[in-house]
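> Here's the letter readout for the chains.
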Amino acid sequence: SGPAMAAPKKGGKMRVGLGHGSTTDSLDPATFENLYSQVLGSALRNNLMEIDSNGKLVPELAESYTVSDDARVWNFKLRQGVEFHNGKSLDAGDVIASINHHRGKDSKSAAKKLLEPITEMKADGKSNVVISLKNGNADFPFIVSDYHVAIMPAKDGAVDWKSGTGTGAFSLGSYEPGVRASLKRNPNFYKAGQGHFDEAELITIADVAARTNALTTGEIDAMDRVDLKTAHLLKRRKGINIVETSGTQHYTFTMRCDTPPFDNNDVRLALKYAINREAILKTVLKGHGVLGNDHPIGRSNIYHAGSLPQRSYDVDKAKFHLKKAGMSNLKVDLSAADAAFAGAVDAAVLYKEHAAPAGININVVREPNDGYWSAVWMKKPWCAVYWGGRPTEDWMFSTAYSADAAWNDSFWKHDRFNELLLKARSELDENARRKMYVEMQTIVANEGGVLVPMFANYVMGLSDKVKHNEMAANWSMDGFKCLERWWFG
Amino acid sequence: MNAEAKTTAKTDGQSDVILTMRGLRIEGYADEVWHEIVHGVDVTLRRGEVLGLIGESGAGKSTIGLAAMGFARDGCRISGGQIIFDGIDLTKASDDELRALRGSRIAYVAQSAAAAFNPAHRLIDQYCEAPVQHGIMPRSEAEADAKDLYGRLQLPDPDGIGFRYPHQVSGGQLQRAMTAMAMACRPDLIVFDEPTTALDVTTQIEVLAAIKNIVQQFDTAALYITHDLAVVSQMADRIMVLRYGNLVEEGETRPIVEDPQKDYTRDLLAVRTFRKPPVDEPEGDIPLLRVENVTAAYGKVPVLSGVSMDIHEKRTVAVVGESGSGKSTTARVITGLLPPSEGRVLYEGQALDPTYRKRSKDELRRLQMIYQMPDTAINPRQRVRDIIGRPLEFYLAIRGEEKEARVRQLLQMIELDPDDFIDRHPGELSGGQKQRICIARALAAEPELIICDEVTSALDQLVAEEILKLLQRLQDDLGLAYMFITHDLATVKAIADEIVVMLAGEVVEQGPKQEILTPPHHEYTELLLSSVPEMDPDWLDRVLEDRAAAI
Amino acid sequence: MTMAVAGSAFAGQSSPWVSRIAVAAVHFFVIVLFLGSVQTNTWAAILGFLAIHAYSVAVLVYWSRMARSAAGDTVIVALTVEYLLICVLFWELFSLWAWSTFFGLVLVQICAFAMVRYWRELRHAPPTAWFGMVVILIYVMIAATAPIIAPFGETEIVASEYEPWGGKFLMGTDNLGRDTLTRIIYGARNTVGFAFVTTVLAFVLGGFAGLLAATLRGWVDQALGRLVDILMAIPSLIFALLILTVVGTSIMSLVVVIAVLDSTRVFRLARAVAMNVVVLEFVEAANLRGEGLWWIIRREILPNVMPPLVAEFGLRFCFVFLFISALSFLGLGIQPPTADWGSMVRDNATLISFAAGDFQLALTPLVPAAAIALLTVGVNFVVDWFLHKASGLKE
Amino acid sequence: MSDIGKMVAQRLGLGLLTLFVVSLIIFLGVELLPGDIAQEILGQAATEETVAAFRRELGLNLPPHERYIAWLVNLLQGDFGKSLANKREISELLDVRLWNTLFLAAVAAVISVPLALTLGILAALYRNSIFDRAVNIMTLSSISFPEFFVAYILILFLAVNLGVFPSISNISEELSFGERVYRCILPALTLTLVVVAHMMRMTRAAIINLLASPYIEMARLKGLKPGRIIVKHALPNALAPIINVVAINLAYLVVGVVIVEVVFVYPGLGQLLVDSVSKRDIPVVQACSLVFAMTYILLNLLADVLSILSNPRLLHPR
Ligand SMILES: Nc1ncnc2c1ncn2[C@@H]1O[C@H](COP(=O)(O)OP(=O)(O)OP(=O)(O)O)[C@@H](O)[C@H]1O
Ligand SMILES: Nc1ncnc2c1ncn2[C@@H]1O[C@H](COP(=O)(O)OP(=O)(O)OP(=O)(O)O)[C@@H](O)[C@H]1O
Ligand SMILES: [Mg+2]
Ligand SMILES: [Mg+2]
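Chains as they are written, first to last, in the numbering used here: chain A, 378 to 866; chain B, 913 to 1463; chain C, 8 to 402; chain D, 58 to 375.
It should be emphasised that the hints constitute simulated quantities derived from the structure, not laboratory data.
Yeah, the Cβ is synthetic: ideal placement off N, Cα and C, and Gly gets one too.
Hints may be right or wrong, so weigh each one.
Said to hold, decoys possible - Some chain B residues well away from chain D (every beta-carbon gap over 12 angstroms; in silico): (1) D928; (2) R1014; (3) A1026; (4) P1031; (5) D1037.
Claimed, not checked - DSSO-like cross-link-like pairs, simulated, lysine-lysine; straight-line CA separation at most 30 angstroms: (6) K144(D) <-> K465(A); (7) K144(D) <-> K1059(B); (8) K396(C) <-> K729(A); (9) K568(A) <-> K465(A); (10) K532(A) <-> K282(D); (11) K539(A) <-> K289(D); (12) K139(D) <-> K396(C); (13) K532(A) <-> K63(D); (14) K568(A) <-> K539(A); (15) K282(D) <-> K1004(B); (16) K696(A) <-> K800(A); (17) K144(D) <-> K482(A); (18) K663(A) <-> K175(C); (19) K144(D) <-> K490(A); (20) K561(A) <-> K282(D); (21) K490(A) <-> K63(D); (22) K482(A) <-> K139(D); (23) K663(A) <-> K701(A); (24) K499(A) <-> K561(A); (25) K63(D) <-> K561(A); (26) K1059(B) <-> K289(D); (27) K386(A) <-> K433(A); (28) K396(C) <-> K659(A); (29) K615(A) <-> K696(A); (30) K63(D) <-> K1212(B); (31) K144(D) <-> K1004(B); (32) K282(D) <-> K539(A); (33) K568(A) <-> K612(A); (34) K282(D) <-> K396(C).
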């Protein structure tokens, strides 16, 4: 369904069923890791910057910012008159405390690494925050738009995350982790033309069939992660719309380049040629996605290398590279679990069938869902992985591809690549940057250890009461901001 | 009621007939085919008359008794003939009609009251069930009536006993309670199916008296089923002798008992005539087995105190006493199942270890035991070949062809046809046959002493006699010694060399048979001896009178 | 170990030891030969198939001779255990399907033996029992001959996903484009085989422990009883999750874990029933004879506690299917791409919600579920008949 | 009677021991699982540094035995401790969910136990009839379908097509009793279908097993109606095995319903336990396991006491 043209109306109670959420969740943004927390957090709190529906970076709690020429010193000017749900006015102290929440020795925040380059932060009056970085980073405003770096009220330099208080479109009524949260509209919300529902409820419905049924019977108004197998049937139901956005989310089969046989690039290439991406996209994602080209940069990224030829299924090339690697056949274990991504096991099984004609015998090992990320990912030589993607190339590459990245899950080291990464980061010239990022994508595709068969769409199911504008593609549920941006028609 | 009254009732003519069965045929389903069990039997019963049905086990007595209620057990069917009860043909009656009759107009007293009472309900509840369900009287009336009947049947505490559960009441008392229950609706006919077979002689006499009394009081017709001619002659006006589902002989009680016409009836009468030939005094001083001053208890409950006895080679020692007197316990002490708290057991002068676990295989072999209930004493899932073969293999290491030959030989010894029986399961054997298998199993071990714990009590008399003869013959041939536990003095008279009388865990009298059986007796021995029914229809009245007089 | 069991099975027979060992050896040899041949090539497999048939006939003749002896029951038990052990042994050495073909053969042989032995009773089985036996037999045949009768390979992707019924794909294709009928057929051997092995193992473990506890009483009983209490007090799904996550979900560990969990239930039942048997006089008689523990458990008690155990077997057997599919809810369970009914239901379960929209699609999960249900009903009908015979009722 | 008291006391004592061992096993089990709470909560975002910081915060740097003993000492003082994941008091966490779980179990039990007993009795009464076969086929089929599948089918018919019940049972405290029951009906029905077969078959088998007893024959000879014979004469004697099976199934209704909870979005203990295991939140896992183990122990004890009460031989020893 296309974007609704009518002017947004106020009112109603929005009930969203999400496939995520666990009883162990908390309101601490430092530990947010699932869609439930992300959607809830985005309804309650805001960031300095945000990515809007068109994928553009725009100020949110900041009104504007200025940057030094070397992209090292960033000065954010805060919006005036913004109040937290508890009536406290937003000031520079809150921002500094909120960012500091992720820094320091004792921080367990997932954003710690991101914010590490900050050397100094100081308030310039009540409404200016000056942030200095170790090295220049042209993408820094993207980083403060990250959902972890939400702004919370501070007292004595410490933020209060337990209450869920923020500046967001909704304030928290009750919250039962892993079950539901009920929200009320923030009457003092500062964004004009946003935040339409009177009330909202976020319900965890882990089972996809239950979610679908709840949507069909009208017990919820929107759901995430539609069952792709039945999406076409669900679409036919009266009163239900299927909406999808294609962003940076991609699935990979990651090989450890420090472990034989994957230390040989020809083996890696053979494996990259032995997979029938179209078939997997069609069968596993039922077409709800885009082919991957063995690098993590999606079409919605600015510097996506569209010129790079699409790699396709080619048994001969696979055989050729295998032979080049000095092998006539190959037997490898591929670890997968549905925890890696929905359909990972199926994808692996399909891959096994595709690779067989090339003399590659893939033994699919289904790992337990439980503990997948600690016991399999970055441990087993070859496994299925899911990446939410990052809004910028630099962010993505430095998260998982640079030699010193904490999550360099392919254990891949490429000097030229690392050099380019550093250079591109502080480069402010668009064209020069583009050239460098395209080269990096080419290197990763041809020499990297990550097989990226596909980018997966975010597929959501909406009751036709629910209206929305163009949907943001960066994350699921309208960039987590469904509650703020949607309304009932 | 007296003799004249009965005679008038009998001459009263056909109208007085309460039950007629004509050409009754009943089939049982076994081995996937229908076998005829009862082959056209005619029975006529008048109001107030007691008809005795007698015959060996499996003769079809119970089957006929149940047929009188229009009932056939699971796996049986009435295949021919008529059963007319008070003008109603039970073979044609509907289920509802039959149900209305049963319990209210025809009642049943089962062989084992302990099994036939529902363990989950109080006696009085079970009593009241039939009258209340048949709508004969309300519960309160039935209860009052029950107490009255309990009193008449001389149950202790008639007002309270009904509120006990079946397991809280002794066997004899249960049997009387069952009689009371049958009486509840004042039926026209009661079927007594071996009501005293499971009881010991002293209890039996009380139950017999109670039944006789109540039947006379209410002038109820009765079918009295038993395999003991002496018992039936006390109870019945007329007797029918059955065998293999056929009528052998029928007539008034006294003529049948005094002058039987048929050989089979004569055999039944002659059962108690078997006598063991007297043997010499034991030679040698060391008895084969000596029980020395044994005191034993189950947990804290003392059962035996200071029991001593000797068993000599090739001799039979009978241990008698009423139920619960400690006979089996003595056997358990000897076999080592129950270590005594004091005293010891010597075998050929050597002390045996108190527990069987520590006894050597050879010691175990020389001392074998045969149980009272052949049903539970042999494993229903093993075949005869394996049951008998096991001791051979286990003790004597005989295997293969040799074992097979030995098993066959043993089967011949106990007079069972090897070809026919070697592959059977116990379920395919009669009680007597099972007991023989138990004997063969004991024999297979080539023992020196066999403890027989009431081996004949569960069997009918003809079979029992066969077993006794068999044991005797084996003793003569193989030189075995027996410890023969029983409560049946007739058996004792037949087989014993020496007798040990036990009461309440103590030996009250012991010595050679002649000595014990010749008066003067110990008073308890006297009671035991006088309770053995005699083949005289007046015996019961006489004994009861004597006893009443004695008090 | 296997030999010992087999040997003891024949010990009840009156032939001398040498021949017993010879029989056991031939037995073992043929099995090895067969498993080997299946592995190498088709021709060898066909030869092996013929060999195993000839061998089966020979075994049958031998058995029918023995059918009258009490050793027969023991032979059934011993053979089952023996085959089981071999299956487990060859598990990793050969591929899954080799063992399951073999398993089917085992069942056929045991069925055949049971039929010879119980033919008299069988003739008079009620229609429901016949229905059950026919169902079981069909399943066993399907399982045994899966590679021959299945139209495609077990994991072969033959078309696009969810092809309609009929034509080349009788039951359509599944979510990955594999032939559903083929998967159902292979599912029979994997699922039924798995459930059978697991249940038997559970009964061997739990049954033996239960009988041991009942026979020995005292502290053994206490110790085993408390151990089982502890195992049962932990929610089984969590227990399985803990163990399987630590040791991994190989078929082997699945079998062992589910069997251990199930065996606690069997233990309680076996113990309770055996308690009533150990007090009977024939057990006392065997004790007095000086028999060892093993004999008493195996020959005196076991045969008498079979009916309730068999009844439990009927239900436990199908609980295994359910447990596997419950495990796959947690991402554990049988490894793909092995076809198994539980996972087939699980993988396509959501389709049922759209039965109104596309009925044929909704059948995708229903077919394997129905396959399980039919087997459950069949097995339990046979069990009911057996129970009815054992209850002593003759109506 | 005092015998029962003694048995109960002894069993409770053993129960405590069992609980202790269970907690130990669970603790060890979760310890052995790959990863710990720090890694699991941070998930894909875990780095060495953050994990180390998290561990320090939670006290996970202490050796396992010290943590276990500390937990045990707290427990003995009646304190379940706090959830590691979100710092909430575990007792609070358990409180609501335990009641929810018990509520669902109760609704399911109220439907399933009488249904199973009635069907079992009727099946025994009309044994080998069409009715008996039909009931058997139905119940056996229903247990052959995995729980979640049964749930989907029920939802399809009763929620989606007919719309009589809600498809998700997200109950909350504000709801009235009636509303709660209404929302619980579908999960309760699902559970009913799952447990009825076992109880019904056991009832049937236990009754049939007694029908050859002499006292049943006696009851027939008293002219009683077949229904009365089954209910008054066979059933009371078959109670012990039936009670035991009912207890096992009740325990299942409390302990084993994770999947039903997930499908119906029912906030019960099972879901909490599974979530906590996957996040390695050991104190919560232990607390849940103890509650479950306790349920099992108490239900078993109750079954044994009831078996004794139902058997006059044991209740009124001579
Ligand atoms: N349900 C049955 N099915 C088949 N045959 C049966 C059945 N009940 C009894 N019979 C057979 O019928 C015959 C007569 O049995 P019945 O019980 O009437 O004998 P009985 O004279 O009462 O013997 P007992 O003194 O042992 O009680 C026996 O041979 C027995 O094996
Ligand atoms: N296992 C037992 N535990 C406790 N008391 C027992 C046990 N067995 C028997 N008794 C009691 O010991 C006493 C003697 O029993 P025993 O079995 O020796 O009697 P018996 O003379 O053989 O009687 P019967 O003729 O009935 O077999 C009885 O009062 C009986 O109740
Ligand atoms: Mg009889
Ligand atoms: Mg005795």
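> Hints first: check each against the structure and report whether it holds.
Each hint tested on the structure:
Every CB of chain D lies more than 12 angstroms from the CB of D928(B), the least distance being 24 angstroms, so the non-interface label holds. Residue-level check failed: R1014(B) sits 3 angstroms from the nearest beta carbon of chain D, not beyond 12 angstroms. A cut-off of 12 angstroms between C-beta atoms contradicts the statement that A1026(B) is not in contact with chain D; the least separation is 9 angstroms. Distance to chain D contradicts P1031(B) as a non-interface residue, since its nearest Cβ pair spans about 6 angstroms, not more than 12 angstroms.
Not every beta carbon of chain D lies more than 12 angstroms from that of D1037(B), the smallest distance being close to 9 angstroms; the non-interface claim is violated. The suggested pairing of K144(D) with K465(A) holds, with an alpha-carbon distance near 26 angstroms, which does not exceed 30 angstroms. A C-alpha spacing of about 71 angstroms is found between K144(D) and K1059(B), which places the hinted pair above 30 angstroms, so the restraint is violated. Restraint check: the Cα-Cα separation between K396(C) and K729(A) comes to about 52 angstroms, which exceeds 30 angstroms; the hinted pair is violated.
Taken as a hint, the K568(A) and K465(A) pair is honoured in the structure, with Cα atoms around 17 angstroms apart against an allowance of 30 angstroms. With a CA separation close to 81 angstroms, the supplied pair K532(A) and K282(D) exceeds the 30 angstroms bound. The hinted pair formed by K539(A) and K289(D) fails the criterion: a straight-line CA distance of about 62 angstroms is larger than 30 angstroms. Distance restraint check for K139(D) and K396(C): the Cα-Cα separation of roughly 57 angstroms exceeds the 30 angstroms cut-off, and the hinted pair is therefore not satisfied.
A hinted pair counts as satisfied when its Cα atoms are at most 30 angstroms apart, and K532(A) with K63(D) does not qualify at roughly 60 angstroms. With a C-alpha separation of about 24 angstroms, the suggested pairing of K568(A) with K539(A) holds against the 30 angstroms cut-off. Taken as a hint, the K282(D) and K1004(B) pair is honoured in the structure, with Cα atoms around 19 angstroms apart against an allowance of 30 angstroms. Between K696(A) and K800(A) the CA atoms are separated by roughly 37 angstroms; this puts the pair beyond 30 angstroms, and the hint is violated.
For the hint linking K144(D) to K482(A), the alpha-carbon distance of about 21 angstroms falls within 30 angstroms, and the restraint holds. The suggested pairing of K663(A) with K175(C) holds, with an alpha-carbon distance near 23 angstroms, which does not exceed 30 angstroms. Note on K144(D) and K490(A): the hinted pairing holds, with a Cα-Cα distance of about 25 angstroms set against a maximum of 30 angstroms. Under the criterion of a C-alpha separation no larger than 30 angstroms, the hint pairing K561(A) with K282(D) is inconsistent with the structure, at around 66 angstroms.
A hinted pair counts as satisfied when its Cα atoms are at most 30 angstroms apart, and K490(A) with K63(D) does not qualify at roughly 63 angstroms. Of the pairs offered as hints, the one joining K482(A) and K139(D) holds, with about 24 angstroms between alpha carbons and a cut-off of 30 angstroms not exceeded. The hinted pair formed by K663(A) and K701(A) fails the criterion: a straight-line CA distance of about 35 angstroms is larger than 30 angstroms. Only pairs whose Cα atoms come within 30 angstroms are accepted, and K499(A) paired with K561(A) is rejected, the gap being roughly 34 angstroms.
About 57 angstroms separates the Cα atoms of K63(D) and K561(A), which puts this hinted pair outside 30 angstroms; it is violated. Proximity of K1059(B) to K289(D) is assessed by CA-CA distance (about 23 angstroms); at most 30 angstroms being required, the pair is judged to hold. A distance of roughly 25 angstroms separates the Cα atoms of K386(A) and K433(A); the hinted pair therefore holds under the 30 angstroms criterion. With a C-alpha separation of about 56 angstroms, the suggested pair K396(C) and K659(A) falls outside the 30 angstroms cut-off, and the hint is violated.
Taking the CA atoms of K615(A) and K696(A), the gap is about 50 angstroms. The hint is violated against a cut of 30 angstroms. Distance hint between K63(D) and K1212(B) is fulfilled; the C-alpha atoms sit about 19 angstroms from each other, no more than 30 angstroms. The suggested pairing of K144(D) with K1004(B) is violated, with an alpha-carbon distance near 80 angstroms, which exceeds 30 angstroms. Taken as a hint, the K282(D) and K539(A) pair is broken in the structure, with Cα atoms around 69 angstroms apart against an allowance of 30 angstroms.
Under the criterion of a C-alpha separation no larger than 30 angstroms, the hint pairing K568(A) with K612(A) is inconsistent with the structure, at around 33 angstroms. Taking the CA atoms of K282(D) and K396(C), the gap is about 25 angstroms. The hint holds against a cut of 30 angstroms.
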